[in-house]
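With the sequences and hints as input, model every part of the structure.
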Amino acid sequence: MRTHQSGPARTGRDADNGWEVAQPVGGTALEGVRMAGFRDRMAAGLDMRVLPQPAVIVVIGLRGTSLEVDASAGHRPLTGLVASMRPGPARIRGERVECVEVRLSPRAAHAVRGVAPHELHGAVTSLDDLWGPQARRIGERLTAGQSPAGRTSVTLPLVSASR
Numbered sequence: 004m005r006t007h008q009s010g011p012a013r014t015g016r017d018a019d020n021g022w023e024v025a026q027p028v029g030g031t032a033l034e035g036v037r038m039a040g041f042r043d044r045m046a047a048g049l050d051m052r053v054l055p056q057p058a059v060i061v062v063i064g065l066r067g068t069s070l071e072v073d074a075s076a077g078h079r080p081l082t083g084l085v086a087s088m089r090p091g092p093a094r095i096r097g098e099r100v101e102c103v104e105v106r107l108s109p110r111a112a113h114a115v116r117g118v119a120p121h122e123l124h125g126a127v128t129s130l131d132d133l134w135g136p137q138a139r140r141i142g143e144r145l146t147a148g149q150s151p152a153g154r155t156s157v158t159l160p161l162v163s164a165s166r
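First residue of the sequence shown: 4, per the numbering used here; consecutive thereafter.
It cannot be assumed that every hint is accurate.
[Said to hold, decoys possible] Now the in silico label distances, taken between C-beta atoms and shown as ranges: (1) A32 - G77: 34 to 42 angstroms; (2) G125 - P80: 16 to 24 angstroms; (3) R139 - A114: 36 to 44 angstroms; (4) A147 - L54: 26 to 34 angstroms; (5) H113 - A46: 32 to 40 angstroms; (6) G125 - V28: 15 to 23 angstroms; (7) G135 - R110: 33 to 41 angstroms.
FYI, nobody ran anything at the bench for these hints, they're computed from the structure. Note that this is a predicted model, so its numbers are computed, not measured. Every residue, glycine too, gets a C-beta built ideally from N, C-alpha and C.
Written as C-alpha cells, this is what we have:
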C-alpha cells in the first residue's frame, strides 16, 4: 500500500482492494492510543475475524455504515462496536464500510473511557450499549464534512470528552 502525507494524517490507498486508510502523522497525543480511518472506496466489502490482541478496539461507523457481527451471542447489525482484548469467536462483515478505529491499551482504555478491559466480559459489544446516545453524536460529528485524514485529528478529543 502506498502512503503519503496529507495534513494531520498519513493516508494510503490500495488500488488493488479499494481501501483508503488514514493514520495520524506521529501517532496520537495519548500514550497507548492508536487510530486509523478506513473507507471502502470500491465496495470491496469487509469480512474479517476478530482476533485476541493486547488492546481494546473501538470502531465508530460513519455515513450509515452497518457492520454485521456474528458472535457467540448471535447475529447483530451494529453501527459501532467495542471488542475486548479476548472477544471470543466473532466475525465482522460489511459493505461500503467507512469508519474510524481506535486501539486502546488496557491503561488507555481505563484512562480515556473509564472502563477497565475486564469489564467488557470478553465480547464484541455495541458502541451504543456502552456509550449510549453519545456514540451516535460522535459518529455524526466525525461525519460532518471530514475527510478520513481529518477525522483522525478530531477523534481522540471527541472520544475523551464523551466520558
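Cross-check of the supplied hints:
1. A32 - G77: 34 to 42 angstroms: holds, 38 angstroms
2. G125 - P80: 16 to 24 angstroms: Roughly 21 angstroms apart at Cβ, these two residues keep to the hinted range, so it holds.
3. R139 - A114: 36 to 44 angstroms: For R139 and A114 the Cβ distance comes to about 23 angstroms; the hint is violated.
4. A147 - L54: 26 to 34 angstroms: holds, 32 angstroms
5. H113 - A46: 32 to 40 angstroms: holds, 38 angstroms
6. G125 - V28: 15 to 23 angstroms: Once the Cβ atoms are compared, 34 angstroms apart, the range 15 to 23 angstroms for V28 and G125 is violated.
7. G135 - R110: 33 to 41 angstroms: Violated: the Cβ-Cβ distance is about 24 angstroms, outside 33 to 41 angstroms.
Hints 3, 6 and 7 from the list above are not met by this structure, while the remaining hints are.
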